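Here is how the chains run, residue by residue.
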Amino acid sequence: MSEPISALQGATYTQGIAEITALDPIGMISLRGDLTASYLKKPVKKITGVAMPEVRGINLDAGKGVAWMSPDELLLIGPYADVATNLETLHKAIGSNHALAVNVSDARAVFRVSGVHTREVLAKLAPVDTSRDAFAPGTIRRTRLAQVPAAFWMIDDDTAELVCFRSVAQYVFDLLKTAAQPGSEVNYHRG
Amino acid sequence: MSTRIATGGRLLNKSNAVSFSFNGKQLRGYEGDTLASALLANDQMLVGRSFKYHRPRGIVAAGPEEPNALMNLGRGGRFEPNQRATTTELFDGLDATSQNHWPSLEFDMGAINKHLSRFLPAGFYYKMFIHPRPFWKHVYEPIIRHSAGLGKAPKEQDADSYEHFHAFCDVLIIGGGVAGLEAARTAARAGAKVILLEQTAHWGGRAAVDGGAVEEASVTSHIDGLVSELSAMENVQMRTRVMGAGVYDHGYVLGYEHLTDHAPGAQGPRHRLWRIRAGHIITATGAIERPLSFAGNDIPGVMLAAAVRDYLVNFGVSVGDRTVVVTNNDDAYRTAIAVTEAGLNVPAILDARVLPEDSTLMARAKELGIRVLMGHAVSSVTGGKRVTAVNVCSQAGEGAVLETIDCDAVAMSGGWSPVVHLWSHCGGKLVWDARLATFRPDVNHPPIGADGHGFVTAAGAAAGFFSLDDILHDAHAAADGVVTTLGFKLPVDVVSPNAERQEETPLAPVWMMPHGANVKLREKTWLDYQNDVKVSDVRLAAQEGFVSVEHTKRYTTLGMATDQGKLSNINGLATLAGALDADIPTVGTTTFRPPYHPISMGAIGGEARGDVFQPLRRTPMHDWHAANGAEWEPVGHWRRPYSYNRPGETTHDAVMREVTNTRTNMGLLDASTLGKIIVKGPDAGKFLDMLYTNMMSSLKPGKCRYGLMCSENGFLIDDGVVARIDDDTFLCHTTTGGADRIHQHMEEWLQTEWWDWQVYVANVTEQYAQIAVVGPNARKCLEKLGGMDVSKDALGFMEWVDGELGGFKCRIYRISFSGELSYEIAVDAGVGQAFWDALMVAGNDLGVMPYGTECLHILRAEKGFIMIGDETDGTVIPQDLGLNWAISKKKEDYLGKRAQQRSHMVDPTRWKLVGLETTDGSTLPDGAYAVGEGVNENDQSNMIGRVTSTYHSPTLGKGIAMGLVLNGPDRMGEVLEFPGTDGKIYHAKIVDPVFYDKEGEKQNV
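Those protein sequence lines, which keep their order, are chains A and B. Using the numbering used here, you'd call the opening residue of the first sequence number 242 and step up by one each time. Using the numbering used here, you'd call the opening residue of the second sequence number 348 and step up by one each time.
Bear in mind the hints are in silico, worked out from the structure with no lab data behind them. Be a bit skeptical, because a hint or two may be false.
Unchecked claim - Listed next, with one range per pair, are the computed distances between beta-carbon atoms:
#: 1; chain 1: A; residue 1: ILE396; chain 2: B; residue 2: LYS1156; range: 28 to 36 Å
#: 2; chain 1: A; residue 1: ALA325; chain 2: B; residue 2: MET1290; range: 55 to 63 Å
#: 3; chain 1: A; residue 1: LYS287; chain 2: B; residue 2: GLY952; range: 42 to 50 Å
#: 4; chain 1: A; residue 1: ALA325; chain 2: B; residue 2: PRO1255; range: 55 to 63 Å
#: 5; chain 1: B; residue 1: GLU996; chain 2: A; residue 2: ASP302; range: 50 to 58 Å
#: 6; chain 1: B; residue 1: PRO945; chain 2: A; residue 2: ILE396; range: 38 to 46 Å
#: 7; chain 1: B; residue 1: ASN360; chain 2: A; residue 2: PRO423; range: 20 to 28 Å
#: 8; chain 1: B; residue 1: SER575; chain 2: A; residue 2: THR277; range: 52 to 60 Å
#: 9; chain 1: A; residue 1: GLY290; chain 2: B; residue 2: GLU1130; range: 40 to 48 Å
#: 10; chain 1: B; residue 1: ASN1351; chain 2: A; residue 2: THR400; range: 51 to 59 Å
In this text, all values refer to a predicted model and were calculated from it rather than measured experimentally. All C-beta atoms, glycine included, are put in the ideal place defined by N, C-alpha and C.
Generate coordinates for the entire structure from the input sequences, incorporating the hints supplied.
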């Protein structure tokens, strides 16, 4: 079978006030169910190795993790190649309980935004308070980027990762480039 | 004449002279000038013509309230009309032209209107152009359009870029004058996160011009101290050149930032629209001086008194050698004093008041030797394009001239009105303050937030405090109150500074000058400069029965120009109140709506232009399609290939080729855009039985079923094939445009009505690339790829199976929208292109060709399959389309069932689906109507049907169509008449809608 390719295959933009990179495919599982149930908590911990996130939280460790998406939805993140095994683990644990786990890895495009102006590039496009105190690493926002849905989180103080739907990868890349255009520093979020 | 003087000009950088042009004339100014100050420095007092009478108009103000000095700025891609000279910062190469004149500013033909002004009263257009009726559209309107209007529309695409920025804070302070700075300091010291916005490029507002002392130091050094203290604070964001444009519910505020207007061509966006969420808003927006209503108050050279002072102090510009000051208050004396101290002449101050004793400022003026005439007024100003003299009269009289004073400028002051716009945008109420003769914010009725408490507080002059000491105390107290309600605590050592007290004697309200001005004077007394509304117009409106201020505004156009009545509002409604013999507060104000001052369309659009104007959705095979001749069709936000045109081939020929090839060999369709929604849970079957008109719960795992979805009103909203994956899981295919909509539809029912049903849904549309392999050779192609059994026995029609084809993990659905042997194969999107390539290779010697949406449409129309959006338009129910077979009679309920039983839905005269075939083989025009006998009550032909889909079928070699026709299914063989928009009448026979392979043998092999 052919190697899976991302929508933009590693496109980058480095001329602006923040660096934009289209990342290789990563594994993503959308999980809906009772987030307090042990048949969900146990396999999630087993698969990701991290604790359950708080509301609007994301716990990540070495490329694996879990993000809170809604009161009954999580996003599991991990290596692309592990998705099938992880789904199996989940289905086994869920058994006859009511929950839904689906692979959405190919439905998404993933970007990294980095540099000291990362927070303001995001704030130009999303109605989100991206200030350091309101949006620290470990938190995620499921929101919109201009006219399309997106979610993003901070990897460190100046680096964000962002997911959107695959079909709008080019639009989102162009949006991020526009928001990061040279000379557009807002100098709002003080370091 | 107006000119630059040797002293003053605190905002200028005199070491940097810049050149600019006005109406083609090259002029010079300094960095720090506004366009208005630079024009005045060049003795360019005449800057435009008024809207209606084309009267010469000069600069009146020094800020955003300016009604006259509107310019066309820039050229080409940077051309913009209606830019205020008073808020435009000067830069080298600025290119301005005046507006609303023909043929030139100096000589304007339209000025003849002023001699006709007796015939152009309020409501003139309504009265004059009503008869005869057709004349409005064909005669009056085109002529008026030509002569009216301010500025020109830009012709080229905007050369600049724009952006939005979302910001959040505890306290947003709008206005960076002394009040705003003091409020910011107080809020910030309490620990609140503060944003402070100032519309100009400078901090401190009017204070530096008006003077005074704070804690023994000059007010300018006090401002400098505040600015440096605030700049050093981590929790404060200070922004100049950002105007607070509008206040909206939930503490939402729009700020309008000028980034490169003063430096065109610089890198980065031109404007930034700040979208701010604030815990609380403080409007420290200051006050605007009111003009006085006297005859000739619109002649160039008549200016607001404070503006005269601003030009002198800020820009070192004298607006005239001899300036008569006319006032009803003490503040204008500051202008007389400043002008005199600058070495220029003030021949007289005409003070409408008669004071028992001299006020402090009056005494100071007299000390300087200025002649003060109490109880006096302007009877009229003489001059054409420039003031030449003032005729003096008694304020109490009717305007008999006592004396004529030669002068070239008049500085007028009718008192000050707090800028209450932002306070009022979201419902803040106003109260009439008789002492100040103005409306000010009513602290007991602020705009109310979601918690029932006010979320806007006015501070300083915006709250009605006009002395420096009062302003500082009020700003401090306002901020203290705000941060306390937000849960912060002000350190005890943070107290309000004290300013030197300057006693002022109250003003006397003067709404007409002189008090008993006769009609001749009133006809020359302007209220609204831009729209040419005079005192006589408002009085006429009152006389004609207009009592509501909102109606009077619209009848007279008072305050309806681009300045939105910043100068005219209070004077206008006071005039109306006077004419109605009513109190000013009972007449009230018109509504204040955002934006405070016009903002650019570019800023509103933000980043959404060019490539990112709208999201464009691409399938995993998008680039392949583009490289292989795709003629694109927009479907929702997707782009789908309409056809794949070969070199030299027309689109029509390509479509015909694709149809024929698919029917004889095989075709590939990129069906990735079709919606795919997973529905899972113990109640999934029950849920789908409610959503679809037919029974889904009885579907066996491994099988597929076509279903229809209706809204609760019974109308068809979507269709598609449902596959049952296992006992608890279904996969619902939707139309391309329906994917997101139907997903939301499902979530809505699950979250609001059936929240206790155990069902989860997930939209997995984009997880898969889905390719339809269609045609007699389809199976051979898949067998060539190999890996799984795709024979009729292993995978029958309307079945699905998981497997591996040519090394690709896939799910194959044996479904057909073409009537041919057809497999729809879903693979992970990441390998979609590779799988497509593999199919193209495998199909190479089987005659494979990709086909587009038009071919898809023809294939389905030949089979009589309906298309959502063609055969449906939101008013069509399944029964209209002969789809009764897909409506369960066994089910107790489904969405739309009850609606479909209503009388209109079961009406036998509803138009029904039939096939249509032209008698001569031509193709019916799309959307054409069939005409019946007779006419309706509007004398139009009666309609008895319409075309919903129409194509040329290469398979059948003739035009085929579907349509909805009155009693259609009962009229088989009848020929209907369809008049086309091309003048021809098409004749078409009613036939069965299935044109091809009615038995379905081809798809079931």
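Going through the hints against the structure:
| no. | hint | in the structure |
| --- | --- | --- |
| 1 | A:ILE396 to B:LYS1156: 28 to 36 Å | holds (31 Å) |
| 2 | A:ALA325 to B:MET1290: 55 to 63 Å | holds (58 Å) |
| 3 | A:LYS287 to B:GLY952: 42 to 50 Å | holds (48 Å) |
| 4 | A:ALA325 to B:PRO1255: 55 to 63 Å | holds (56 Å) |
| 5 | B:GLU996 to A:ASP302: 50 to 58 Å | holds (56 Å) |
| 6 | B:PRO945 to A:ILE396: 38 to 46 Å | holds (42 Å) |
| 7 | B:ASN360 to A:PRO423: 20 to 28 Å | holds (27 Å) |
| 8 | B:SER575 to A:THR277: 52 to 60 Å | holds (53 Å) |
| 9 | A:GLY290 to B:GLU1130: 40 to 48 Å | holds (45 Å) |
| 10 | B:ASN1351 to A:THR400: 51 to 59 Å | holds (56 Å) |
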